[in-house]
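Colleague: Note that the UniProt record's numbering numbers the sequence shown so that position 252 is 252, with each residue one more than the last.
Okay, the calculated beta carbon distance ranges per label pair:
no.	residue 1	residue 2	range
1	109	278	20 to 26 Å
2	227	31	43 to 49 Å
3	263	90	42 to 48 Å
4	235	195	27 to 33 Å
5	186	231	20 to 26 Å
6	88	300	42 to 48 Å
7	127	288	23 to 29 Å
8	123	260	32 to 38 Å
9	171	300	38 to 44 Å
10	34	199	36 to 42 Å
If you are wondering where the hints come from, they were derived from the structure by calculation, not from laboratory data.
Virtual Cβ for every residue (Gly too), placed ideally from N, Cα, C.
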Amino acid sequence: MSSPRIVVAGSANMDLVGLAARLPLPGETVLGDDFVMTPGGKGANQAIAAARAGGACTFLGAIGSDAFGVTIKARLNASEVDTENLRTSYGSSGVAVIMVDRAGENSIMVSPGANSSFAGLSATETAIIAECDVLVCQQEIPVDTVVAAAQAAREGNTRVILNAAPARDLPPELVAAVDLLVVNENEALAITGTPELDMAGLLAVVPRVVLTMGGAGSWYADREGRDERIPACAVDVADTTAAGDAFTGALAVAWGEGRDLVDAVRWANAAGAACVRKVGASNSLPSRAEIDDLYGRTFSA
Numbered sequence: 001m002s003s004p005r006i007v008v009a010g011s012a013n014m015d016l017v018g019l020a021a022r023l024p025l026p027g028e029t030v031l032g033d034d035f036v037m038t039p040g041g042k043g044a045n046q047a048i049a050a051a052r053a054g055g056a057c058t059f060l061g062a063i064g065s066d067a068f069g070v071t072i073k074a075r076l077n078a079s080e081v082d083t084e085n086l087r088t089s090y091g092s093s094g095v096a097v098i099m100v101d102r103a104g105e106n107s108i109m110v111s112p113g114a115n116s117s118f119a120g121l122s123a124t125e126t127a128i129i130a131e132c133d134v135l136v137c138q139q140e141i142p143v144d145t146v147v148a149a150a151q152a153a154r155e156g157n158t159r160v161i162l163n164a165a166p167a168r169d170l171p172p173e174l175v176a177a178v179d180l181l182v183v184n185e186n187e188a189l190a191i192t193g194t195p196e197l198d199m200a201g202l203l204a205v206v207p208r209v210v211l212t213m214g215g216a217g218s219w220y221a222d223r224e225g226r227d228e229r230i231p232a233c234a235v236d237v238a239d240t241t242a243a244g245d246a247f248t249g250a251l252a253v254a255w256g257e258g259r260d261l262v263d264a265v266r267w268a269n270a271a272g273a274a275c276v277r278k279v280g281a282s283n284s285l286p287s288r289a290e291i292d293d294l295y296g297r298t299f300s301a
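Construct the entire structure; sequences and hints are all you get.
Modeller: Structure follows, in C-alpha cells:
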C-alpha cells in the first residue's frame, strides 16, 4: 500500500523549553532543572508526526532568515518532510517559550515571527493541497490562509482536518470546508460558548469531531450517530508539549490509509501517549513502530 499523501499548512517555531519542579506563579522566579532548544510549532510538529507515522508529508509555511529558520528546516528535512515550497521571510522565525514542570504540565508563550507572513497562497501551494489525500491546518497562522487552504482542499476533494488551536473564532467559510475537527476541552468550550462540554453543539458546526482529553483519552462523534469514548494508553509522562500534534499527525495518516475513524483515533491515542514519554517537541514525536507497539499493547490485548 502506498503512503497516504498528507499536506500540513501551518506554523513553524523554535521551542525554548525550560524544565523546573513547578511552573512559576505570576511575578515569581523559579530555579530550573534543565533547558532544551528544539524545532517545534504546531504545523511543523504535525508534519513531522505524519511523516514518522508513515505518511508522505509536505509542509507549507514560513520560516525566518535567522539561524532558527535554518535549524527548523533541517529538522523537517531530516524527518523526510517535503520542504521544497517552504517560504523564507526576512527576519525572525517563530519562537515558543515553554515551561514544563515535573508532572509534565506546561505553560507556553508563542511569538509568531515569520508565521505571520504566511499569506496569499500561490498557485503551486494550492495545487499541492488539491493533490493530497488529507490537509491538516491549525490556527497559529493568519486565519485567511487557513480558510484559503481549506477551500483549496474542498475544491480538490482533499479531506480537511482542522486542529482548532489556539482557540479563536472560526469563520463560517472555514467551518463549511472542515471534514474533521480536533480540539481539546478548552478549545471545545470556546467554540460552543458553553460552560460545559457540548458535543452536540460541536456537531452543529462540523460533521465529525475528536475531543482530546489528555489522560482521560479521546471522544469521537459524528453526525451519523457514532459516539465513542476511547481510553488513553498508560505511560509515564515526561512532557505533554507535543502530544496533541503527535495525535493529529498520526490521525491524518490513519484516515488517509482508509482506517475506520474510531480505529484511527485509537491509533492516534497511541501516538500521543508515545510522545509524552520524552521531553521536547519535534524530537519526541514517535515512529510508526513505536505507535504500533503501544497501540497493540493497549487495544489488541
